[in-house]
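Q: Respectively, the protein sequence lines represent chains A, B and C. Numbering follows this note's numbering, with no gaps: position 89 of the first sequence is 89. To convert, take the position in the second sequence, counting from 1, and add 1000; that gives this note's numbering. To convert, take the position in the third sequence, counting from 1, and add 2000; that gives this note's numbering.
Hints should not be assumed to be uniformly reliable.
Derived SDA-like pairs (lysine to any residue); straight-line CA-CA distance at most 20 Å [said to hold, decoys possible]:
1. B:K1138 <-> A:R258
2. A:K104 <-> C:V2021
3. B:K1124 <-> B:S1187
Since the hints were made in silico from the structure, they are not lab data. Please read these numbers as outputs of a predicted model, since none were measured by experiment.
Each chain, written out:
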Amino acid sequence: MSADTTRADLRTRLGDVDVTGWPARVVGVVVFFVGWFAVASVFPNELMPFPVETLEVVYSLFQSGKVVPQVAATLKRIFWGFLASMFLGIQMGVLMGLDQYQRKFITPHIVIGLSAPLIAWSVIATLIFGFSIYAPILATILTAAPFIAITVWKGVEDIDTDLLEMSNSFGISRRRTIFKVVLPSVAPELFTSFRFGLSLSWKIVTITEIFASNSGIGYQIIRAYGFVRFDEAWAWAVIFMGIVLLLEYGLIKPVQWRVLRYRPDTDISFVGGR
Amino acid sequence: MASHTHDDGSDGPTEAAGAIHIEDLTKQFDTDEGVERVFENVDIDIEPGSFVTLLGRSGSGKSTILKLVSGVMKPTSGDIWFEPDNVEIGYVFQSPRLLPWNTCLDNIEFVHEHNPGYTEEMGKEYLDLVGLSEHYHKYPSQLSGGQRQRVGIARALSIDPDILLMDEPFSNLDEITAEELRAELLSIWQQLNKTIFFVTHDIDEAIELSDRILMLGEGQIYADLEVTLERPRSLDSEEFLAFRQRAIDTFHDV
Amino acid sequence: MSGVTPSPLDRFRAAMRTNEVLIFAQSIATVIVVWYLIAHGLGLIEMISSPELIFAEVYELLTTGVFFVHLVDTMRRTLFGFAIGVLIATPIGIAIGLSDFLKTAFKDYVTVGLALPDLLVVVFVAMLFGIGDLTPAGAAVVLAIPYMLQTLIEGVDDIDANLIEMGASFDTSRRRQLRRVVIPSLLPEWFGGVRYSLAISWKAVTLAEVVAAETGVGFMIRRQMDTLSLTGAFAWTVLFIVILLVIEYGLLRQLERMAFSWREEVSDVVVAP
């Protein structure tokens, strides 16, 4: 087998992990650490600890057993908020795609949802539900559902009616048509809405934790900032980013590759966030 | 060849072909400007195993007739029936209409919902039949236009239809590919002896392929020509050109 | 359709079902009415406030000028931060887009940058710059840059290779190619990225104002939280949204339309976060 075929093979099997470009990526990573080091040398230590010091704090946080319950608290809120948002968002999106009147009726609400500052929804949700899990859930719905709706709507609109007609002409049952024609057709948009709904959920839940709880990652970061314990804030930030990146590279990218695999021209290793 | 198990327990693709009977068919659409009558009181009888072409300009309603025969659309009035009653109908579209997220094989598998006897081997055999043995697991985006259309044909054939409906299947292809596919279609037809009801606006294509040409225009069938030339037919032979002239004259008569 | 001429009543009914403006009005009216009924009917004014209270508050904020005082501060920080972000990101984004090496080296940066939670960025900029204008503006810069970068990198990818080839076949100089092909090709996408970055910047600034400012819309919304005023929170939110939409649809869309009249496609319906 020629070198080209082997490389192409590898790329296919490993998904989007592009092994052929690794020197460049190593350069990127190295630049990051060098940059951190350089900035840390310039700024006072309390403001900007060195990488190693931060990792030490992270380690001690884990040791004291504080990390898991806080992360769990945040994750729980995200889970329910995100689920509710997907549920509502997909329904709205489908309605919008199928019926003109619904689309025109729902659109103003989408626009409002998307234009409001995140903290507005956080504050409103907290003032309505107080110190409970319903506050972040409502805030998430208000933030994420509009975006999910608009993405799903696009997907539903784009369904190729020619394919539906083809399926009909072969006498294919409604059920099979939905599962094998409609769903694969909207899969990319469903995936995008999943991806961004999740990322929005992260953001809004941590923000709401400032107001509506005494646990969670967002709460810990704000608290550390308030007590001017910046090294702790950095440590929590690292933990947070660690989880986010784990999700991003461990879950989102592989699924994304799978869903978009059949497209000829998508640069799937770099479909960023919009 | 592929294995279909039939009601009487026998194997193999049937050499049976269906007959199509259309009586007094009328179709009209409601548009913004009022009612548009595409055609009315159309009668067509197609014998089993024959290759009949419906020839007409764009917009003459020929694709509509095909859709009515396939059941995708309902007539305004009139009757369509088949012999035998429970015919299998295969449909080949002008654009291949393949599911872009499935491989060629999976695209064929898709239409075998009601066929428990379908196997992957069967799908492969039909892809072999249309010359796509190297492409079982390719996605439509990786194929050329002609190759995609071949998959569409394989798909329609794979359900072992008694009747094959073809709606301008080669119009979107370049002439060389179209010529290839026409020759292949004829050879497949002569092998399997299905009834083919073919629609086109191309007079040469109609003459090259069919036993009979029905000319559709002004809302009715105004000519029914039998093509008695012997196959294979070459487009520059004397008989062909003579017949062609006759056909064109008839065409312009309306 | 039958040959009967539709009566004015029929026409109105049809319009109610199809006319965008009317449906928009129906949509908003429904919310207001239902809200009012639930608030007063079920005695939930404390919990969910009520339209007429919100209108009253909005009126007061407008007439006393309080809204505008804080709006100006927020807008100032937003424009400042967003402008710097665009200025930094544009050349870098184009450079990365044009170089395969840079693209591979830094695409993870963009991925991470896009995934950065707003709160993290705000807290860290706050740690660096403290209370005042710099934190909100700085947060806007940090959060807007990844989006701008990505837009440009994808935009460079989208440049029609055929046009570049055509230019090369006529021996066009690199400079002319840049000016007449690359940049006009990129402009619409760049503009889209700019609109997007502006939207991001608003959100970054208002969030930062919660944590590290003493004026501004974000700060005032925080005040509503501290004084437990749901009505106030709604009022400020409504006003802010209206301003945002006026700018987005009134100003930016018009600019875009004028500048890019040669484009056939219409841009997206809404700018998402």
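Q: Find the hints from earlier in the document that the structure breaks and name them by number, from lowest to highest.
A: none
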